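Student: Line by line, the protein sequences give chains A, B and C. Per my numbering: the first sequence = residues 32 to 249. Per my numbering: the second sequence = residues 330 to 535. Per my numbering: the third sequence = residues 411 to 744.
Some hints here could point you the wrong way.
Claimed, not checked - Derived CB-CB ranges, DEER-like:
| id | chain 1 | residue 1 | chain 2 | residue 2 | range |
| --- | --- | --- | --- | --- | --- |
| 1 | B | R356 | C | A581 | 55 to 61 Å |
| 2 | B | A362 | C | T474 | 39 to 45 Å |
| 3 | A | L247 | C | G612 | 19 to 25 Å |
| 4 | C | D597 | A | G121 | 30 to 36 Å |
| 5 | A | S127 | C | D426 | 27 to 33 Å |
| 6 | A | G121 | C | L637 | 32 to 38 Å |
| 7 | A | M222 | B | I334 | 46 to 52 Å |
| 8 | B | D361 | C | D597 | 53 to 59 Å |
| 9 | B | D389 | A | R124 | 30 to 36 Å |
| 10 | C | D493 | B | T363 | 38 to 44 Å |
| 11 | A | R242 | B | D389 | 50 to 56 Å |
| 12 | A | E211 | B | T363 | 28 to 34 Å |
| 13 | B | D361 | A | N191 | 50 to 56 Å |
| 14 | C | T474 | B | A400 | 25 to 31 Å |
As the list claims (entries may be wrong) - These stretches of chain C come out as covered by chain B in the derived footprint (C-beta under 8 Å, 3 or more residues):
| id | segment |
| --- | --- |
| 15 | 434 to 445 |
| 16 | 472 to 480 |
| 17 | 703 to 715 |
It is worth saying that the hints were derived from the structure and are not from the lab. None of the values given here were measured: they were computed from a predicted structure. The beta-carbon is built from N, C-alpha and C at its ideal position, and this holds for glycine as well.
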Amino acid sequence: MQPMPNFPPPDESMKSREPGDDDGGLSAGTEQSDLELVRRAQRNERGAFDLLVLKYQHKVVKLVARLLRDPTEAEDVAQEAFVKAYRALGSFRGDSAFYTWLYRIAVNTARNTIASRQRRPLDYEAELSESEQNNVAARLKHDDTPEASALSEEIRVTVNEAIEQLPEDLRTAIVLREVEGLSYEEIAEAMDCPVGTVRSRIFRAREAIDRALQPLLD
Amino acid sequence: MTDQIREQLSALLDGELPKDEMGLLVRRLEKDATLRRTFGTYALIGETLRAPGGRIARTDFAARVGAAIDAAEGIAPAAQAAVAGSDIRPQAGQGAPASGATRGRRVAFWQRPMVRTALAASAAVVAVVLFRPGTTPVVAELEPQPASAVALVNSSPAPAQSQRLASYMVAHSQYSTPLVRRNVLTSLLAADPGITRVSYEMGDAP
Amino acid sequence: MLLAACLVAFSAQAADDGAQEARAWLERMSAALASRNYDGLFTHATGRQVETMRIVHRVSDGKTYERLVSLDGSGREIVRTRDEVHAYLPDRRVVLVEPRGDEGSLLKALPTPGPKLDKYYDLSVSKGSRLLGREVVVIDVRPLDIYRYGYRLWLDHETAMPLQTVVADGAGNPIEHIRFTQLQVKDKIPTRDIEPTVDASGFQWIRTGRKLAAMPELPAKGGWRPLRVPPGFRLVASRLQSIPGSPMPAQHLIFSDGIAAISIFIEPSAPSGPRPPESSTMGSANAYITSVKGHVITAIGEVPAATVREIANSVAPVQEVPRPTVVEPGGAAR
Numbered sequence: 032m033q034p035m036p037n038f039p040p041p042d043e044s045m046k047s048r049e050p051g052d053d054d055g056g057l058s059a060g061t062e063q064s065d066l067e068l069v070r071r072a073q074r075n076e077r078g079a080f081d082l083l084v085l086k087y088q089h090k091v092v093k094l095v096a097r098l099l100r101d102p103t104e105a106e107d108v109a110q111e112a113f114v115k116a117y118r119a120l121g122s123f124r125g126d127s128a129f130y131t132w133l134y135r136i137a138v139n140t141a142r143n144t145i146a147s148r149q150r151r152p153l154d155y156e157a158e159l160s161e162s163e164q165n166n167v168a169a170r171l172k173h174d175d176t177p178e179a180s181a182l183s184e185e186i187r188v189t190v191n192e193a194i195e196q197l198p199e200d201l202r203t204a205i206v207l208r209e210v211e212g213l214s215y216e217e218i219a220e221a222m223d224c225p226v227g228t229v230r231s232r233i234f235r236a237r238e239a240i241d242r243a244l245q246p247l248l249d
Numbered sequence: 330m331t332d333q334i335r336e337q338l339s340a341l342l343d344g345e346l347p348k349d350e351m352g353l354l355v356r357r358l359e360k361d362a363t364l365r366r367t368f369g370t371y372a373l374i375g376e377t378l379r380a381p382g383g384r385i386a387r388t389d390f391a392a393r394v395g396a397a398i399d400a401a402e403g404i405a406p407a408a409q410a411a412v413a414g415s416d417i418r419p420q421a422g423q424g425a426p427a428s429g430a431t432r433g434r435r436v437a438f439w440q441r442p443m444v445r446t447a448l449a450a451s452a453a454v455v456a457v458v459l460f461r462p463g464t465t466p467v468v469a470e471l472e473p474q475p476a477s478a479v480a481l482v483n484s485s486p487a488p489a490q491s492q493r494l495a496s497y498m499v500a501h502s503q504y505s506t507p508l509v510r511r512n513v514l515t516s517l518l519a520a521d522p523g524i525t526r527v528s529y530e531m532g533d534a535p
Numbered sequence: 411m412l413l414a415a416c417l418v419a420f421s422a423q424a425a426d427d428g429a430q431e432a433r434a435w436l437e438r439m440s441a442a443l444a445s446r447n448y449d450g451l452f453t454h455a456t457g458r459q460v461e462t463m464r465i466v467h468r469v470s471d472g473k474t475y476e477r478l479v480s481l482d483g484s485g486r487e488i489v490r491t492r493d494e495v496h497a498y499l500p501d502r503r504v505v506l507v508e509p510r511g512d513e514g515s516l517l518k519a520l521p522t523p524g525p526k527l528d529k530y531y532d533l534s535v536s537k538g539s540r541l542l543g544r545e546v547v548v549i550d551v552r553p554l555d556i557y558r559y560g561y562r563l564w565l566d567h568e569t570a571m572p573l574q575t576v577v578a579d580g581a582g583n584p585i586e587h588i589r590f591t592q593l594q595v596k597d598k599i600p601t602r603d604i605e606p607t608v609d610a611s612g613f614q615w616i617r618t619g620r621k622l623a624a625m626p627e628l629p630a631k632g633g634w635r636p637l638r639v640p641p642g643f644r645l646v647a648s649r650l651q652s653i654p655g656s657p658m659p660a661q662h663l664i665f666s667d668g669i670a671a672i673s674i675f676i677e678p679s680a681p682s683g684p685r686p687p688e689s690s691t692m693g694s695a696n697a698y699i700t701s702v703k704g705h706v707i708t709a710i711g712e713v714p715a716a717t718v719r720e721i722a723n724s725v726a727p728v729q730e731v732p733r734p735t736v737v738e739p740g741g742a743a744r
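The whole structure should be built from the sequences, with the hints applied where relevant.
Tutor: In structure tokens, the structure reads:
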């Protein structure tokens with residue numbers, strides 16, 4: 032008997048969207064590390080869950096802000112998603128990456144929020160596929176508060192300037208890590224230096240940018 | 330020394346910290362707000378480099394999540410009855426098994442707002458027209474339901490009762506017709522049987 | 411005049427043909443769901459809640475294995491093994507276990523949609539726009555009275571698999587929406603895909619259920635049954651359901667009209683006495699629990715709340731065995 036064909040996913044909004052699509056942050060090492068943090072959180076090490084929140088807070092807030100009509104609610108909804116994730120930690124098995132799982136929780140929390148507001152449950156797909164498909168347009172469409180936009184812009188400018196100021200080896204190391212998503216091993220090979228050096232360079236790059244950001248974030 | 334710890338944080342963010350170093354670091358983080366803040370900033374740097382613009386979480390976001398989790402583990406937020414729809418008129422002292430208001434009682438977090446009432450309140454969907462225009466459904470006489478006789482109360486179900494209902498659902502699902510079986514099982518997965526409960530006043534029983 | 415009569419007759423015939431074609435599609439769909447191997451992701455939406463779930467279905471050695479799991483953090487899972495159904499509820503730290511009925515005889519016992527269906531549902535078929543890149547037919551199952559729900563199904567033209575289903579009330583208001591976002595109809599399903607992934611250590615295992623009674627029969631003396639049954643529903647199965655912690659089993663009666671099914675459970679009340687009647691909704695299924703003469707009656711079905719309430723309220727102990735009266739459509743049911 033012929034194997035049956037697979038049904039292709041219909042459109043971008045419903046495809047199981049890989050969160051890595053718009054970032055290079057995920058790598059095999061990150062997955063393992065996240066999994067270890069999840070295990071610890073499952074054993075009630077709250078600090079481990081805190082770390083996961085700190086790591087993914089901006090991603091989730093950004094994602095949710097894209098999906099909601101009103102981006103000022105993004106933090107509340109993102110918070111709800113993290114709490115849901117915490118409550119459901121017991122059932123996370125590690126079949127997928129933690130962020131993939133968290134991503135889906137965040138998307139559905141946002142959807143439920145929209146659905147409950149609008150009271151037209153079956154319209155949510157029309158809303159979301161539009162904004163999910165068209166990030167740029169969505170960002171432009173959603174007027175964020177002037178403060179939020181200004182801060183976000185300032186942060187971008189500050190980070191870029193700080194990066195420009197870095198010595199080349201530090202700059203290369205952090206760009207390869209954060210933008211290209213390479214592992215320390217891969218960066219070590221690319222830069223022809225030991226892994227320990229890579230780790231140290233990335234750390235020092237972050238420290239420098241952190242110093243530049245501190246006045247903005249206090 | 331602190332540098333060493335912060336370097337560990339940096340490695341952890343990249344997933345490059347050996348597992349056996351994690352335990353100590355996690356414990357340090359539980360105690361040190363500055364370290365937590367640093368980790369958050371490192372994450373922000375990466376985000377900004379990869380996808381600049383758009384919203385970011387405020388500095389106290391993680392702390393607020395922590396507080397929300399603490400709250401969820403303890404006393405439930407004020408009555409879910411406040412959500413969705415005007416049908417609910419909470420009444421005190423019902424004589425229902427677990428009397429009316431959930432306010433202030435320790436209840437399980439998984440109580441969800443009443444799906445029924447939300448549906449009753451929701452407008453018909455314009456996008457999906459289910460039946461052919463031009464045909465009207467036969468309207469048979471409904472069981473009269475005098476509004477005054479029915480007071481809807483959110484009762485928090487005794488766990489044994491909800492479990493009974495859940496196992497009845499499972500038993501029932503085995504005998505559903507193929508057309509609806511999928512729906513029944515997914516409802517069991519999604520909803521929490523017995524949570525979306527309304528108690529009718531005794532006067533409504535025939 | 412004659413022409414008008416001919417046209418009316420023609421369109422009536424066309425409607426009949428449409429209903430027949432729709433029925434044929436539903437039968438094909440049932441067969442596909444039962445016999446194919448598939449693995450898919452779908453969203454399930456009701457009112458305010460949307461969840462993503464995965465279903466894996468395998469037929470091997472003449473037996474059906476299935477696993478249904480919520481992907482959105484509730485972690486709930488339902489697994490049908492060779493002999494049992496396990497419902498894992500991690501949020502309650504409970505596993506509900508039911509023995510499986512013998513599906514072979516079960517499918518025969520249930521009324522397949524037959525000609526009598528036309529009295530209660532209006533079936534029709536039309537062409538749909540593509541879903542998941544596939545050509546689909548749209549089957550409408552419209553209820554002709556208030557006792558039932560309606561359905562719109564988008565069936566894949568080639569395999570008859572339901573890619574999307576909407577359950578609606580008599581006025582067309584959607585209640586539940588299930589939609590596949592990914593579906594693979596496969597030759598082989600690996601065993602690990604139908605095994606549970608919940609770590610159930612420390613969970614409480616609650617076993618219920620007993621074997622199906624040999625013949626679907628109303629019990630004679632000492633039994634219970636509903637005195638009023640919505641039109642078109644007939645008894646299709648009767649069995650005992652054991653209740654954990656209680657020596658007495660519950661009686662379990664199953665009624666069906668070919669599309670929907672209603673279960674009635676009758677058990678002795680707890681010593682604490684009767685409880686006030688309660689209603690529950692779980693997606694497109696409604697439940698009603700009430701007390702009659704020292705017994706608790708639970709009615710569950712994929713029908714409107716009023717229907718389960720009515721049928722539950724009409725349950726009474728049997729002294730002799732008259733046939734249950736059927737409510738006339740359009741009439742008040744008192």
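Student: Hint by hint, say whether it matches the structure.
Tutor: Verification of the supplied hints:
Here the CB-CB span from R356 (chain B) to A581 (chain C) is close to 59 Å, well matched to the stated 55 to 61 Å. In this structure the supplied range 39 to 45 Å is violated for A362 (chain B) paired with T474 (chain C), their Cβ-Cβ distance being about 55 Å. L247 (chain A) and G612 (chain C) have their C-beta atoms about 47 Å apart, which leaves the hinted 19 to 25 Å range violated. Between D597 (chain C) and G121 (chain A) the beta carbons are some 35 Å apart, a value that agrees with the proposed interval 30 to 36 Å.
Evaluation of the 27 to 33 Å hint for S127 (chain A) and D426 (chain C) yields a failure: the beta carbon distance comes to about 50 Å. Between G121 (chain A) and L637 (chain C) the C-beta distance comes to about 46 Å, which lies outside the given range of 32 to 38 Å. Remark: the range hint 46 to 52 Å for M222 (chain A) to I334 (chain B) is contradicted by a beta-carbon distance near 25 Å. Under the hint 53 to 59 Å, the C-beta atoms of D361 (chain B) and D597 (chain C), about 56 Å apart, fit the expected range.
Between D389 (chain B) and R124 (chain A) the beta carbons are some 32 Å apart, a value that agrees with the proposed interval 30 to 36 Å. Evaluation of the 38 to 44 Å hint for D493 (chain C) and T363 (chain B) yields a failure: the beta carbon distance comes to about 58 Å. A C-beta distance of roughly 21 Å is found between R242 (chain A) and D389 (chain B), which places it outside the suggested range of 50 to 56 Å. Distance hint check for E211 (chain A) and T363 (chain B): the Cβ-Cβ separation is about 30 Å, which falls inside the suggested range of 28 to 34 Å.
Against the hinted window of 50 to 56 Å, the Cβ-Cβ separation of D361 (chain B) and N191 (chain A) comes to about 29 Å, which falls outside the hint. Taken as a hint, the range 25 to 31 Å is violated for the pair T474 (chain C) and A400 (chain B), whose Cβ atoms sit roughly 44 Å apart. Against chain B, the segment 434 to 445 of chain C contributes 5 residues with a C-beta closer than 8 Å to a partner C-beta. That satisfies the three-residue criterion, and the hint holds. Note: the segment 472 to 480 of chain C has 3 residues with beta-carbon separation from chain B under 8 Å; the three-residue rule is met and the coverage holds.
Three residues within the 8 Å Cβ limit are the bar, and the segment 703 to 715 of chain C against chain B gives 5, so the coverage statement holds.
Violated hints, in rising order: 2, 3, 5, 6, 7, 10, 11, 13 and 14; the structure is consistent with all others.
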